[in-house]
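If you follow the hints, you should be able to join the two separate chains into one complex; please do so.
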Amino acid sequence: MKKAISLGVAAAMAATLLAGCGTAASSAAPSSEAASTADSTTAESTAASEAAPSEAHEINTTDPIELTISWWGGDSRHEAYQKALEAFHEKYPNITVSPTYGAWSGWEEKQSTALAADQGSDVMQVNWNWLYQYSPTGEKFVDLREYSDVIDLSQWSDTAKNACIVADSLQAVPISMTGRIFYWNMNTFKQAGIEAVPTSYDDLIAAGKAFQEKLGDDYYPLAIGQYDRMILMTFYLESKYGKAWVENNECQYTEEEVVDGLNFIKSLEDNHVIPTRPTMIAAGFDSIDKSQEWIDGKYAGIFEWDSAPSKYQSALADNSGFTVGEEIKFGDKANGGFSKVSMGMAITKSCQHPVEAAALIDFLWNGEGAAIMGSECGIPASTAGLAAAQAADAVKPLVLEANTKVLAFVDMPLDPYYESSKLKDTTDGVYTDVFDGFSYGDYDAEEAAEILLDGVSGVLSANA
Amino acid sequence: MKLSTAHKIGRFFQYFVLILVGVIMIYPLVWMVGATFKSNAEIFAGIGFLTANPTLQGYIDAVTQNYGGDISIWRAFINTYSFVIPKVIFTVISSVIAAYGFSRFKFKGRDMLFGIMISTLFLPQVVLNVPQYLMYNSFGWINSPFYLPLWVPTLFATETYFVYQLVQFMRSIPHDLDEAAAIDGCGPVKILYKIIAPMLSPSLVACGLFQFMWSCNDYMGPLLYVQTPSKYPMSIFVKLSMDADSGFNWNRILALSLISIIPQLVVFFCAQDAFIDGISAGAVKG
Numbered sequence: 001m002k003k004a005i006s007l008g009v010a011a012a013m014a015a016t017l018l019a020g021c022g023t024a025a026s027s028a029a030p031s032s033e034a035a036s037t038a039d040s041t042t043a044e045s046t047a048a049s050e051a052a053p054s055e056a057h058e059i060n061t062t063d064p065i066e067l068t069i070s071w072w073g074g075d076s077r078h079e080a081y082q083k084a085l086e087a088f089h090e091k092y093p094n095i096t097v098s099p100t101y102g103a104w105s106g107w108e109e110k111q112s113t114a115l116a117a118d119q120g121s122d123v124m125q126v127n128w129n130w131l132y133q134y135s136p137t138g139e140k141f142v143d144l145r146e147y148s149d150v151i152d153l154s155q156w157s158d159t160a161k162n163a164c165i166v167a168d169s170l171q172a173v174p175i176s177m178t179g180r181i182f183y184w185n186m187n188t189f190k191q192a193g194i195e196a197v198p199t200s201y202d203d204l205i206a207a208g209k210a211f212q213e214k215l216g217d218d219y220y221p222l223a224i225g226q227y228d229r230m231i232l233m234t235f236y237l238e239s240k241y242g243k244a245w246v247e248n249n250e251c252q253y254t255e256e257e258v259v260d261g262l263n264f265i266k267s268l269e270d271n272h273v274i275p276t277r278p279t280m281i282a283a284g285f286d287s288i289d290k291s292q293e294w295i296d297g298k299y300a301g302i303f304e305w306d307s308a309p310s311k312y313q314s315a316l317a318d319n320s321g322f323t324v325g326e327e328i329k330f331g332d333k334a335n336g337g338f339s340k341v342s343m344g345m346a347i348t349k350s351c352q353h354p355v356e357a358a359a360l361i362d363f364l365w366n367g368e369g370a371a372i373m374g375s376e377c378g379i380p381a382s383t384a385g386l387a388a389a390q391a392a393d394a395v396k397p398l399v400l401e402a403n404t405k406v407l408a409f410v411d412m413p414l415d416p417y418y419e420s421s422k423l424k425d426t427t428d429g430v431y432t433d434v435f436d437g438f439s440y441g442d443y444d445a446e447e448a449a450e451i452l453l454d455g456v457s458g459v460l461s462a463n464a
Numbered sequence: 001m002k003l004s005t006a007h008k009i010g011r012f013f014q015y016f017v018l019i020l021v022g023v024i025m026i027y028p029l030v031w032m033v034g035a036t037f038k039s040n041a042e043i044f045a046g047i048g049f050l051t052a053n054p055t056l057q058g059y060i061d062a063v064t065q066n067y068g069g070d071i072s073i074w075r076a077f078i079n080t081y082s083f084v085i086p087k088v089i090f091t092v093i094s095s096v097i098a099a100y101g102f103s104r105f106k107f108k109g110r111d112m113l114f115g116i117m118i119s120t121l122f123l124p125q126v127v128l129n130v131p132q133y134l135m136y137n138s139f140g141w142i143n144s145p146f147y148l149p150l151w152v153p154t155l156f157a158t159e160t161y162f163v164y165q166l167v168q169f170m171r172s173i174p175h176d177l178d179e180a181a182a183i184d185g186c187g188p189v190k191i192l193y194k195i196i197a198p199m200l201s202p203s204l205v206a207c208g209l210f211q212f213m214w215s216c217n218d219y220m221g222p223l224l225y226v227q228t229p230s231k232y233p234m235s236i237f238v239k240l241s242m243d244a245d246s247g248f249n250w251n252r253i254l255a256l257s258l259i260s261i262i263p264q265l266v267v268f269f270c271a272q273d274a275f276i277d278g279i280s281a282g283a284v285k286g
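Line order of the protein sequences matches chains A and B. Take the first sequence: its letter number 454 is residue 454 in the UniProt record's numbering, and every next letter is one higher. Take the second sequence: its letter number 116 is residue 116 in the UniProt record's numbering, and every next letter is one higher.
The shape of chain B in the complex, shown without the other chains (with noise of 0.2 Å):
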């Protein structure tokens, strides 16, 4: 009797505290959507959720902006996944191969190789700007209209990360899987495509996701390559208007945003239960 009100006692407190860190973590999230109804002054003014005049105009704002007909938040919409999603797939693709030659074959300079490739993650992107946009520019991909600078490089497993997590993930892969596709005739494409993609996958939805929500989120990448106002993708559409002189209402952004989130929300839910198997097989196995 004792040990059990003593356990409830425990499990209170457990559940205490989770729910409050839940609520402090989820607050800012629940205080933007309430600030898309807020205007300006009440934004600043405190911050509790509810407002006293709620206003749809954000949104209403947000939908119906479009920059004497140049871009729209639909057209934002396009032009974002059309770079998006062949990058997600080639990002997949490339490294996948890229792992599966490090985890599986041994070559000379292999390991120097892999430790160059490690190398590059620790690179920051700032440092590389310039001379990527030079030589991108010498192959006249500047303001491409199929914005050929920000995926072309994907087919060439530059996601360091990803292809760092995936060898990680295939060298728990035991080799007398391989071994036994090899005496029942499967050559190394073959295994590669038959035995260790389907074992691998949940870690391949969750580079999918990763590089999915990375690529939607990029500001710098199209900004630099990207000049036409009506190629521009949900990034750069999303700050068009943020001038610090002038002002801006805020709740148009915060619509904007919120608005922009729902595809990619939409997505992680599809993925959900993948995308945890993804990170957890690879805790457990790690």
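Okay, chain A solo, but in the shape it has when bound (with noise of 0.2 Å):
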């Protein structure tokens, strides 16, 4: 008997000693749409369609040719791009596609190393900053305005082109855009007695004062993080002041009106429209999705990526009220907010056939693959490739309509030091040293006005 347990106990032991193997890592996984750490130069704004090729291509569609491809994300991606392939491969019976795939965790490291070794997969799917980061000069990613020919670039409009234009040169084609909304638990603002979606800043107040005094406390029409905050900060300035954050890498903001942007983040807190940082943080979470708060619908709204719904969605116990809002206009002189490239696809400079992998591209994002692919990497940016997937019904109908109100709205353009680690890292960044301690008390508005001013200036002196 004596055996049998400490066997057991033994086992058990041995089991946490080796369980390491899948669990642990897991839950830090970045977002796809993660950090933009970027390095170099801003985007010039050169007209993205204007430069011809230099010399007209032709894809080849009778030798064997072996193209490879790379992409991250999860199993519903994975399984649209194979499917994207195998339609690409029946077109083009001579080139064969190999595809490396994998999560986001780890995936930038991978492709990074191999950039530096020039062994990147021929045709990539890229995070916005990497074009900053590994190519600053243009050294790792083909000019694809070189094959305007095979790419219809027309389909993508100027704002989205002139974010890959980086060193002069088109670096990748965005697949998509996105930017920031709210979302709405209909279910619980109806318990509160609201029928409609807030439309205003005076909304949400009054949203926040039903909720306390019909449902308690405990109830919030609004739950937004730190990072959350500095963007809806960010939304509320451009809105009341209309100026751009951060232009000619300078931010446009002075000491005063970033205290007006705080006391507007406190009246918030203040009407119990969002919970305290303190509340959250109590509560123990890493993200709103995983909060018993969200999943019960105490935690009735976010303000989140036009492109992360689902997860939102499926994690709420009774989701039958999850609904887009509208993006709300905070001032009068400028709608305010931004969109950004959540990511691109480009072809790196060892490729050996970069007509036939222009000739993917195309097919992935404009051609019958569009159609294939449908919103599995947000909506696409490209006018044909969104009209091919919505042809399809591929398109989840609840991101698209997020998108389509976003990109709608906004009218700032974003830095590509805006994300940097060092102002939205959770742990030591800027704006989470800003917005926690604010949230605290520990800094009145002054001190964190003169805290997130220094923070950003810092950051965009070291990458003048």
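If you're looking for bench data, these hints aren't it; they were derived computationally from the structure. Note that CB positions come from ideal geometry on N, CA and C, so glycine has one too. Zero decoy hints are in this set.
Here are the simulated lysine to any residue pairs, SDA-like style, with alpha carbons at most 20 Å apart: (1) K83/A - D70/B; (2) K298/A - S310/A; (3) K298/A - I43/B; (4) K290/A - G48/B; (5) K290/A - F49/B; (6) K214/A - K298/A; (7) K290/A - M32/B; (8) K396/A - S246/B.
From the structure, some residues in chain B lie toward chain A, with a derived Cβ separation under 8 Å: (9) V130; (10) K239; (11) M242.
If you want the footprint, here are the derived chain A segments under chain B, 3+ residues with CB under 8 Å: (12) 75-82; (13) 92-104.
Below, the structure is given as structure tokens:
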């Protein structure tokens, strides 16, 4: 008996020792629109579509050609890409495409190492900041304007293309654009006696009051983390003062204006619209979709990327009330807010068959492939791609609705260093320090504004 | 009488504390097993390991997902062990030879070389990634179907930790034994495998087990050097579907992790006696 017990305990202990295998490192996987720590100059605003290829290209449809492609993502994205590649092979039977794919975790290290050795896949799904980080002088990725007779570049808007021009070279085409919008759990709103989604600051304040009075202190119409607060404040300031947060590598806002922005966030806390940071941190979750309060509907709103709603929706115990909200215009000088390239697709300079690689990109994002890819990598930024995906009914309506609303609303550019990890890191980033410190009462608004402006100008001057 | 009561109370508290701490230590693992039967919402709902609506879907998904025929859990197992086994064998052999050299022979520069070797113990793998990648790339080993970059280096005693451990252990084996064997006509090679290796066996098992565990769990190595999905090992396979953006079913990931450690558990128990000997022998004699 004794031996059996001791063996059992030893077994369990051994299992703990071994269990590191699959579970431990999993939770920290950042989102695929993760950090944009850019290293080089900002995109020059050259009109992307004008440059013509220096020579005419013809896709080789006879000789056997091998291409490689890489992407990161989850199960459904892997599956969509695989199907699209099969369709591509049917169209061009002489071209074989071998994929390599995986989860986001470690993917940037894998690709950056491969790029350093010029061993990157021929066609590569890239994060926006990689262009600045790994190819600041255009040394790793091909200028896609060279192949504009193969890829129909006119399907992308100039705004979208200009964001991918680094070192005067169109290093990638944007797969999708993304921005922030509100999502509401209308079931809770209805319990509080509110039928319509909030469309103004006053609606938010009224909702806060109604939630507190009718449902109790634990119920909040909106829950936002520290980085969400920074983005919401940027939306507010840009709308109220009508100028971009950063322009020409300089923060455009004075300390008084930032204090105003911080007081705006404070007013949301004071009016029971959002829980304070101490309240959220005490609840002990690492992202809102995993919090009990969200699952049960006590937190009834989020301010998230338009591409991210599905995990919030599926986390809800009852998701019948999950609704895309409206962007809220906080001031009268501008709409405010920004969109960004969530990911792009590039051809590496080590590619032996760039013409066929370009044909693959065109197939995936403008052609038949787009119908298969649907909204797996976000709502296609290419007009033809979106039309094909919609025709094939492969677009999640919720994501499309959110994306359309965001892109129709935002009117400010995004500084490539806005998401520098020095600023947005969730443990020691400047945004975290400022918004947590401010919410905890460690700083008053003036101190917090000063720390924020110092932090931002520090990052900007380091990259000047 | 009194003494015996006091003794019993003492015992009670000793065991009480031990059991309490033991339960706290083991609970996450028990929870993980319980969580494989839960839905996502339940997983985040609380720390209880029992579930109201148990589902086997996690296990079913874990064994049926095959990424369009590219890679399945069974394929991933075979892939893993096809480089882990050579890696373990070569690590043990090469480390013993290197340790034998350092502990039994006096040669010029030995202490300096030993110092250099120990200093590599503190070198984080991450700084080696790019230079190693460039080197293996020049050999044409990237995406090698035989996983060459993953196991060939272990032929050269690159696992400093094990060399160091074995050197320490060999120092505790009296030189008299070597000398006696030499008088009986053994050469240096024969001394190693007839006299020293058998005495080292618990320690060798420990090295082998550690290397086995580390290699099975290694994620970055295969991620860097394996490109073809059908060659992915278990560590990558487990994570393939973990996309923070779209969300995923945790029960499947946990079930997959649990299945993936079963072979390691089996190996551990087969070697358990020798392994525990190895650790304690080192502790007493070191």
